[in-house]
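Visitor: Each chain is listed here by its residues.
There are 2 protein chains.
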Amino acid sequence: MAVTDTAHLLPKVADPKESIAEERKSPSFPIRELTYWIDGGKNITQMKERIMLELERSPLWRVNDHPNLTLAETRERAMSKVRHLADLATSRPLEESMLRMSIISVVDPGFWTRFGVHFGLFFGALQGQATPSQLAYWMERGALSMQGITGCFGMTELGHGSNVAGLETTATYDKRTDEFVIHSPTLTATKWWIGGAAHTATHCAVYAQLIVKGKCYGTKTFVVQLRDTKTFQLMPGVNIGDLGKKMGRDQIDNGWIRFTYVRIPRSNMLMKHTKVTRAGDVIEPALAQLAYGALIQGRVSMVSDSANVAKRALTIAVRYASVRRQFGIGEPGTVETKLLDYPIHQHRLLPLMAQTFAMVFAAREMNTNYQKLMSVLSELGDDKGPAVNDAIKNLKETHATSAGLKAFCTWMCLNIIDQCRQSLGGHGYSAYTGLSQAYSDFAVHCTWEGDNTILTLQCGRYLVATALDARNGQPLPANMLYLKDAIAADGSLSGKPCKSDAVDVVSSLNTLKAAWSSVAANAIRNAVRDFEAGLAKGLSKDNAYEFSSASRLHAARMHTYTYLLHRFVAQVEQSPAQLRPILALLARLFGAHSAVQHSGEFLQSGFYSGAQIETLKAFVNTACADVRKDAVSLTDAFGYTDYVVNSPLGRYDGDVYEKYFDLVTSLNPTKPVPYFDSLIKPLLERTNESDTGPELEIDQD
Amino acid sequence: MAVTDTAHLLPKVADPKESIAEERKSPSFPIRELTYWIDGGKNITQMKERIMLELERSPLWRVNDHPNLTLAETRERAMSKVRHLADLATSRPLEESMLRMSIISVVDPGFWTRFGVHFGLFFGALQGQATPSQLAYWMERGALSMQGITGCFGMTELGHGSNVAGLETTATYDKRTDEFVIHSPTLTATKWWIGGAAHTATHCAVYAQLIVKGKCYGTKTFVVQLRDTKTFQLMPGVNIGDLGKKMGRDQIDNGWIRFTYVRIPRSNMLMKHTKVTRAGDVIEPALAQLAYGALIQGRVSMVSDSANVAKRALTIAVRYASVRRQFGIGEPGTVETKLLDYPIHQHRLLPLMAQTFAMVFAAREMNTNYQKLMSVLSELGDDKGPAVNDAIKNLKETHATSAGLKAFCTWMCLNIIDQCRQSLGGHGYSAYTGLSQAYSDFAVHCTWEGDNTILTLQCGRYLVATALDARNGQPLPANMLYLKDAIAADGSLSGKPCKSDAVDVVSSLNTLKAAWSSVAANAIRNAVRDFEAGLAKGLSKDNAYEFSSASRLHAARMHTYTYLLHRFVAQVEQSPAQLRPILALLARLFGAHSAVQHSGEFLQSGFYSGAQIETLKAFVNTACADVRKDAVSLTDAFGYTDYVVNSPLGRYDGDVYEKYFDLVTSLNPTKPVPYFDSLIKPLLERTNESDTGPELEIDQD
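Taken in sequence, the protein lines are chains U and W.
All residue numbers for the first sequence refer to UniProt numbering, where the first residue is 1 and numbers rise by one.
All residue numbers for the second sequence refer to UniProt numbering, where the first residue is 1 and numbers rise by one.
Careful, some of the hints might be misleading.
If chains are identical, the list can't say which one is meant, so a pair holds when it fits in one copy or spans any two.
As the list claims (entries may be wrong) - DSSO-like mimics (lysine-lysine), calculated; alpha carbons at most 30 Å apart, straight line:
| hint | residue 1 | residue 2 |
| --- | --- | --- |
| 1 | 213 | 25 |
| 2 | 537 | 175 |
| 3 | 272 | 175 |
| 4 | 659 | 25 |
| 5 | 272 | 537 |
| 6 | 671 | 496 |
| 7 | 230 | 393 |
| 8 | 372 | 513 |
| 9 | 617 | 671 |
It is worth saying that the hints were derived from the structure and are not from the lab.
Every value quoted in this text rests on a predicted model; they were computed, and no experiment measured them.
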């Protein structure tokens, strides 16, 4: 036998393109219809596809070489894209621009931030806090179109993040000159993390303590010019530095800013809410709460982003699992088994698929509610009647729900990214397979726009307060109606346990909804119990809330999962008949898998018995096996092009090995070993000189 | 009032150095004694301190600028350190070298890998698989001392990772020339992830299918020269490329290798186990299992590494939490509240502190057992009596235990790093605060040396098989003795539930040990149930194991937590009296917090009632508050110098803001904005030309 003739002795290697093609032979649902349903309509899908194609074809928007760029190149590449997009953002319909940004947030999250700092944060601050004439002035100056002005958002400081009320930067009114003096009194007052400050911004929306006539009025917003718009030299009293390398999103040039007695005209304070007159009188707004509406938008968009990023991660992991083979019979002539055929691999990925759909639908509904709320708020004007009270109630509820959703969806997505990455085995550790950078980029979502832990506590506080109000006869908001059924007047749990042990009952959508309602009610009850125990110890209200923080956080988690499941089921019910079976299966998998993960809660609330939990576990196994049949089709329904997926392992055609090899070799062409002469040759050729000392006469005896 | 006179209006800013100093006023235990206990003796602590100081003082070992190095600089910096360490490794006592490497693994994990690839993997392959004369030959050639040879380890392929038996590279014996022909028959056979291959290695330990006389004998190891040691030119038939950027550990130059009919002498096959004679006869070893001992070492070291890296992460997070202040009373003249004083922050960090101690002690014990086992194995020789059977049993048990520990400890540590990072708020996202890179570097531990999911399934398979053996009268290994008490002859659970509701009983170490034993027994029982259900369906043994994989993985998790708790308690009992209270508290926190996280298991096994779970939750809250008093002292006891901690937020003296600012500004000096002329100026100064088309005559009517 020739030494070249060995193929028949080895296991057969399957063609990955055929492996993935098999998966598409008989989807249980019309894929295109599901895409429309996920996107919210055929027209949106088509607009998305046009945008994806435009991005893919523009050389500016190349992204597969990102891992090989230096920090400086990364930032320059990002800046080179700003102008084109700024023109599109101001000339194209808002809906299209929003959709474009939501795609860019998946393709290039760091650029999304760079762009969003101006349009979302800086211009958003003007929109939300400037008077009409101030807004007109800044728009005239080019603040919307980035003609003459590029903005940044100066809120956080080196020593102060979540507690905006604790910022140290001061804005002191100098009546003599009709100016504010912006000043950073200490090192910890240094503005820190200011995106765009290091290299890009001409102006900054600075959050500072308003001080007038020796009195502090709390944190307000001031437009401060940072750089001369012609020369880009720093303005007098402004010092700026570069924060350098970050965990992710290096496309944005975060910087620090110190102000040393910088003078700005009084009119640069944004005065939609609080006003300072020429005479130095401070006029505070009647309804400060209405200003919080603007805070919600970022959170709502992060729920969408969690869904969108999770869709990409699962596309990569599921498609790869349908072509990667490992172990199996291993006899010559047979092929190894697909990862996706292993129950444990299904178990790793497919509950995450169900979570992704839960987030898709929650994001859509949250977004609709938010738009409605904002249009109500904008129409309120100076009315102070019952409409305002209703709006404030609605605002509080949306604030709490969005806080919980933002926290748990961003945590969920971060986990999905890393689980998907780990499911790629060693290849997940390559920078070219897309998920390590996705993790680093996404991670900050758990911190900014409200640290997740603080948001969950806010949500939990709302749940406790609302439950207490309900005990005092106040009506419950729609999303908390389950409390009424689950908790009796004496505070005991009155929900009915699951009566049947049949798998179809235990894991039905109605049972799961009731189950989650029961544990959420129980968790809120326990948080109320701990809060009241704190009060009974003589703690202040705030300290009693601190005392109950563990159970409060837990209540927020249970409530948010319940919300996710209920909204998911509502979407299943509204969906086209052809899609209902697969969506219902995913909703059941979501509810049942999450219940198994938190089985203690269900046993404690008495809803499920131990045997029923075992039934749920068995259901999760069979549901995974059922979803597995459609798994690749579900990634197809997400509708991301290969350009957006941006991972050779997640290619539509399954040709993973060829394209992975091509990408790695094209980005890392072979060159001579760079340090052979300087380091390797001396290492290999060295000889160790004896390092014993000279002989000593005394030892020779 | 002058505009500069505002300090009295703002909240007071606390001195962070004073904030941390307060924490050290009254530790409940002698810190230095705990350091000795953690390290394993005063002499080890002293040796560690000497090594840390030596590293800190060497300019080669600067690490705080790592985030600003390019990929090429990172690799060159790493290579520049190899020579010095190679000389130390071969001239200093083994114990010192091991300790040095364990510190380097925390300080510079990527370098640890670069160095470990030669010493651990390449030379380890020679040690474990070469005959005595082969080993002597390669040592003579410089394979230990890196004089003439630097090695890499060629196991994984583009298409093959976990399944070593499925590798495609062939080593075909050519009797005519007494050579093996090494060949990569397909693209997926390309050696992939080979650390050191891209730029550094002269030789490779290649895993390939041994083919002799038309028969395949499975995967064996062959030494193949990659590069000329004088010119560093690639040898004929060898193609190598660079895998470029990775998620982390960029200090090591991973590469791919393709072999095209490369000829090596027959003697380059490592023949300690399988031998091929000149005539082409293949002599296979009687006890192939004994070769698996070498696999365990990497896992054991990763348990230690998990503990060591977690110590660093907690040092950073806890110290920062003792100086960072946020919210609180907020009146002028008062200071904000320390993060560490918030119950929820204690809840985030201090159970992780308890987990870290659990890993410290498990690692130590695992290491001791492994050393014992290896010395028994090495003394066995060709004996084939009962001593060998005992050794094989012991080996299997250690294999399974180390598989479970490696998986759950690396996952635990990865979670600890990210939880600690998130607890730093926005500053956790900076590359200069140390935890984002720690995450990226550590993540690969969950994949290499056995993918965690596959390892847990192996551990679970052992648990099921051992439980079945026990049912057939075989004795249980020590770590599984709990099965005897918990499971009756008929397979039902016979463990006794917790009888008291008193918090001191519910959360005592004895109760917690019994509780975990009971849930581990229950989980194993359920895995056996599912395995047997698979058999009853007519599945093959292997497929029945696949069928039961979810419950098998779960059994491995419960068993491993039980092991961690039992070993922790054993260490508490052996510890010096002064340390026992704090260690016992940490052990209780570990056991109770883990139980609350898995409360469903305890309710299902009937060990705890729902009310007792609530008692445990309350205990976790008070235990966190108790550990909080010593939290900074515990980080001091870890004994890492500021150099090793390598984060301005984790400094011993608490001077976080000054030093963070200094580091960021020194690494990122202010320079002119790099793309003002090319990108920003044109953006700011552009005007949009009208983009309506020309007028049309037909519209003028």
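Visitor: Determine for every hint whether it applies to the structure shown.
Guide: Each hint tested on the structure:
no.: 1; hint: 213 <-> 25; verdict: neither (76 Å within a copy, 43 Å between copies)
no.: 2; hint: 537 <-> 175; verdict: neither (49 Å within a copy, 87 Å between copies)
no.: 3; hint: 272 <-> 175; verdict: within (21 Å within a copy, 90 Å between copies)
no.: 4; hint: 659 <-> 25; verdict: within (24 Å within a copy, 61 Å between copies)
no.: 5; hint: 272 <-> 537; verdict: neither (43 Å within a copy, 72 Å between copies)
no.: 6; hint: 671 <-> 496; verdict: neither (71 Å within a copy, 68 Å between copies)
no.: 7; hint: 230 <-> 393; verdict: neither (48 Å within a copy, 79 Å between copies)
no.: 8; hint: 372 <-> 513; verdict: within (26 Å within a copy, 55 Å between copies)
no.: 9; hint: 617 <-> 671; verdict: neither (54 Å within a copy, 59 Å between copies)
Of the numbered hints given earlier, the model fails hints 1, 2, 5, 6, 7 and 9; all others are met.
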